[in-house]
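2 protein chains.
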Amino acid sequence: MSAAFSFTLLATDAGARLGAIATPHGVIRTPAFMPVGTAATVKAVYTDQLEAAGADVLLSNTYHLMLRPGAERVAKLGGLHTFMRWQKPILTDSGGFQVMSLAKLRRITDGGVNFQSHIDGASYELTPERAVEIQCLLGADIMMQLDECVALPAPREEIERAVERSLAWAERSKRAFAEREDLGLARPGQALFGIVQGGVDGELRRRSAEALVAMEFPGYAVGGLAVGESPQAMLDALALTAERLPVHKPRYLMGVGTPVDLIEAVARGADMFDCVLPTRSGRHGQAFTWSGKVNLRNARHADDPAPLDPASSCPAALDYSRAYLHHLVKAEEYLGAMLLSWANTAFYQQLMAAMRTAIAAGRFAAWAAETKARLGGGV
Amino acid sequence: MSAAFSFTLLATDAGARLGAIATPHGVIRTPAFMPVGTAATVKAVYTDQLEAAGADVLLSNTYHLMLRPGAERVAKLGGLHTFMRWQKPILTDSGGFQVMSLAKLRRITDGGVNFQSHIDGASYELTPERAVEIQCLLGADIMMQLDECVALPAPREEIERAVERSLAWAERSKRAFAEREDLGLARPGQALFGIVQGGVDGELRRRSAEALVAMEFPGYAVGGLAVGESPQAMLDALALTAERLPVHKPRYLMGVGTPVDLIEAVARGADMFDCVLPTRSGRHGQAFTWSGKVNLRNARHADDPAPLDPASSCPAALDYSRAYLHHLVKAEEYLGAMLLSWANTAFYQQLMAAMRTAIAAGRFAAWAAETKARLGGGV
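So the protein lines, in turn, are chains A and B. For the first sequence, the working numbering gives the first residue as 8, with consecutive numbering after it. For the second sequence, the working numbering gives the first residue as 8, with consecutive numbering after it.
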C-alpha cells in the first residue's frame, strides 16, 4: 500500500486526457468508470468479476452506509474494503445527493442537513464535518465534500445559494479533514475532493470552480449535472467548468452516464465517472454491447443461439446464448440480472480501456466518431 | 461422452450404499444430491460454482420448461445442457408433481393431465408419452415417468388409484421411450426411471415397487413422500420400499430434504436426492453450515467478523464476514441471496462427499451419529 495520493497526466488528445491516480489501494487508470456499490455491493455482481473486468475503483454511497450498517460498525469491522471484499480503491460520495433524493422530512440549513432515514424513519444529521468523519471511518481512498445539489431547472437564486453554501461547506470539509489528519484519524493518502456546483449557469460555474481551486483540493468533482438539463447543456456546463480547473488535478463528473455521454465528457476533459446505468439496466433486461443497446426482453431473441456480444471479452457476453438470456429475463431469474449486470459492467470497463488506448495513440477524435456510430449514436 | 447408462454398487455399510452412475455426460457419485435448476438455472448460482462445489448432476423441471421456453425450442437450441451451460449429467422430472401443485384448472384422467399454465393460462396436455418426448427433447440423461402424486394424508382408495394409474403410466412411458429409441429419437444412454408410489401404506408401496421392478427400469424413484407425512413415516415408507427394489439399480428419493433427512435416508438405502431447500433457504437468509443452521437475519451477526463456516471449503462461506452477510440480507441485496445459495449448495455437496467417504471407510453409522449431533440433530 502506497501512502501517497497523486495524479499524473500522461497524455492529452483532442480535449481527452490520459492519466493515473495513485491511491493507498492502488492506481486508477483514467478516464475511469466507477461501478456503483451503493450498499457496499455492486448489485448482483461479484467483486472478483469487477476486478477481472478491469475496474480499478468502485464508488459507494455514504448516505446508504451511514444508515445501514453504519459507519462506526464498518470501521470496527476493518473498513469498507475488508467489509465488501474489494482491495482496490474506493471513492465515497458525501451523502448529500441521496439525502436530497431519498430521505424523508429533510431540512437543510447552513449548518447541514437533518433528515429521516427512508428505511426506518430514524433521525440523522449530516454536516460537512460528519460527512468527512463517516468517509474516514469507511476508509475511502477518495472522499467528497458535502455539497448541495439542485435539481434542474431551478431559479438562478436557488442555484446561487447552493453554490455559496457548497463553497462554505467545502471549507469546513477541508478543515475537518485536516484536523482529522493532525489527530491521526485519517489514513495516509486519503484524499478529499471539492465539488463544483452552479447548474448550467456559466457565471456560477466559474465562481464555484475558482473559489474551490483557490482552496487547493487534490481533485475536483463536477456536480449538479445530469439532474434534469439537456445532454448538450450538461456537456456545455462541463466544458466551461473544466476550463477553470487545474490541468494537473483529476476531474470527476458525477452521475454520468450513457456510453455516448462518457465519450463526449472525456472529449471535454473529464477523467472519472460513476453511474448506476450498467447495473440498473442489467436488472431490467437491457444490455450495453459494442453493437449498441440490446433489450433482452424482446421476443426476437427467443430463438437466437448467438452470444450477447462477440466483441466483448466478458464471459457473460460470450458463454450464453441470447435465447437463454431472454428466457432468464422473462422468467425473472436471478441469473438474468447477474449475467446482464456483469456484462454491462464489463462493457463499461472495455469502453474506458478503449478510450485510454485511443488517447495514448493520439486518435481519440477518430475513435470517438467511429465508436459513436457503432453504438448507434446515443442512448 | 460415453453412451452407456449403468450403476455400479461399490460398497454398502450400515444400510448406506456407495455407488457410481455412468451417464452420457459423466459419472454421478452416489449418494448424490442434485441441486434444483427449476427453470434451467439453479437460482442465483453460476454453473461454474456448482461444478466447483462438487455437484455431479442437476435436476430441472419439465413442467416449467415445457411452459417456458418450451421443449422444442430448447431442442433447437442444442438441448438443455448447452442452453444452461452445464455439461455434466441432468435429471429431469416428468412434470406431474408440479402440474398437481402449480397448474390451474387441471383435470386428470387415465389418459393424462390437462391443465392451464400458471404463467399465462394457456392450455396444455401432459401424457406419459408427451412427458417422455419432452424429456428427450430437453436431452436429459435421466428421465422420470409421468406419475400421480397424492398429498398426504389421503384416503387409501385415492392412494391406491394413484398407484394403479402410475403403474399404467409407467408401462406407457417405457413403451414410448422404447419407440423413440427405435426411431433414433432418443440419445444413446438416456435412461428412464420408474416411480414407486403408495403413500405411507406398506402394502401399496410393495405392490407399486414389485410391479415396477417387473418392468425392469434402469433405476427407481421413490415418489409421493415429503408431501405432508411425518419424518418418521417418510423414513419408514422409504425403508420398506427400498427392501423391494433391486440392489443393483439406483434409488432416487424425490424432494428430500434437510441435511439430517439425507443422512437418515442414505442409512435406509437411498442413493439420489433433490430439494429446493438449500437455494430457497439461501434466498431467505438461512444458511446450512457444519455447525447447524444459521439465520443471517438475526441481529447477533451484525458485528461478527467471523466467516459463515470455517469448516466449509466454499469461498462464500469463508471469504465474507457474517456481519457482511447479515447486512446484505437485511438490505435485500442480490449478493446476499447469491452468496447464501452458493454456500448452501456447496454445503450439501460437502455433506454428500462426507457420506461417501464414511461409507467407503465402513464407518457410516458412527459418522452419522457424530454429524447429526454436530448439526444440532435436526432442521
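Hints are computed from structural coordinates only; laboratory data are not their basis. A hint or two may mislead.
Intra- or inter-copy, both count: the list cannot distinguish identical chains.
Taking lysine to aspartate or glutamate pairs in the EDC-like style, the calculated list, with each CA pair at most 20 Å apart, reads [to be verified]:
id, residue 1, residue 2
1, LYS83, ASP310
2, LYS337, GLU79
3, LYS83, ASP311
4, LYS83, ASP326
5, LYS95, ASP55
6, LYS95, ASP326
7, LYS83, GLU339
8, LYS256, ASP208
9, LYS337, ASP127
10, LYS300, ASP208
11, LYS83, GLU164
12, LYS300, GLU165
13, LYS256, GLU340
14, LYS181, GLU164
15, LYS337, GLU186
16, LYS256, GLU164
17, LYS256, ASP127
18, LYS111, GLU236
19, LYS256, GLU236
20, LYS181, GLU165
21, LYS111, ASP55
Small disclaimer: the values here were computed from a predicted structure and weren't measured.
Hint by hint, here is what the structure shows:
no.: 1; hint: LYS83 x ASP310; result: between (51 Å within a copy, 8 Å between copies)
no.: 2; hint: LYS337 x GLU79; result: between (41 Å within a copy, 18 Å between copies)
no.: 3; hint: LYS83 x ASP311; result: between (50 Å within a copy, 10 Å between copies)
no.: 4; hint: LYS83 x ASP326; result: between (41 Å within a copy, 17 Å between copies)
no.: 5; hint: LYS95 x ASP55; result: within (11 Å within a copy, 25 Å between copies)
no.: 6; hint: LYS95 x ASP326; result: between (27 Å within a copy, 16 Å between copies)
no.: 7; hint: LYS83 x GLU339; result: neither (37 Å within a copy, 22 Å between copies)
no.: 8; hint: LYS256 x ASP208; result: neither (23 Å within a copy, 80 Å between copies)
no.: 9; hint: LYS337 x ASP127; result: between (33 Å within a copy, 12 Å between copies)
no.: 10; hint: LYS300 x ASP208; result: neither (32 Å within a copy, 59 Å between copies)
no.: 11; hint: LYS83 x GLU164; result: neither (43 Å within a copy, 64 Å between copies)
no.: 12; hint: LYS300 x GLU165; result: neither (37 Å within a copy, 55 Å between copies)
no.: 13; hint: LYS256 x GLU340; result: neither (44 Å within a copy, 35 Å between copies)
no.: 14; hint: LYS181 x GLU164; result: neither (26 Å within a copy, 82 Å between copies)
no.: 15; hint: LYS337 x GLU186; result: neither (54 Å within a copy, 35 Å between copies)
no.: 16; hint: LYS256 x GLU164; result: neither (30 Å within a copy, 83 Å between copies)
no.: 17; hint: LYS256 x ASP127; result: neither (40 Å within a copy, 57 Å between copies)
no.: 18; hint: LYS111 x GLU236; result: neither (25 Å within a copy, 50 Å between copies)
no.: 19; hint: LYS256 x GLU236; result: neither (26 Å within a copy, 70 Å between copies)
no.: 20; hint: LYS181 x GLU165; result: neither (24 Å within a copy, 78 Å between copies)
no.: 21; hint: LYS111 x ASP55; result: neither (35 Å within a copy, 43 Å between copies)
Hint compliance for this structure: hints 7, 8, 10, 11, 12, 13, 14, 15, 16, 17, 18, 19, 20 and 21 are broken, all remaining hints hold.
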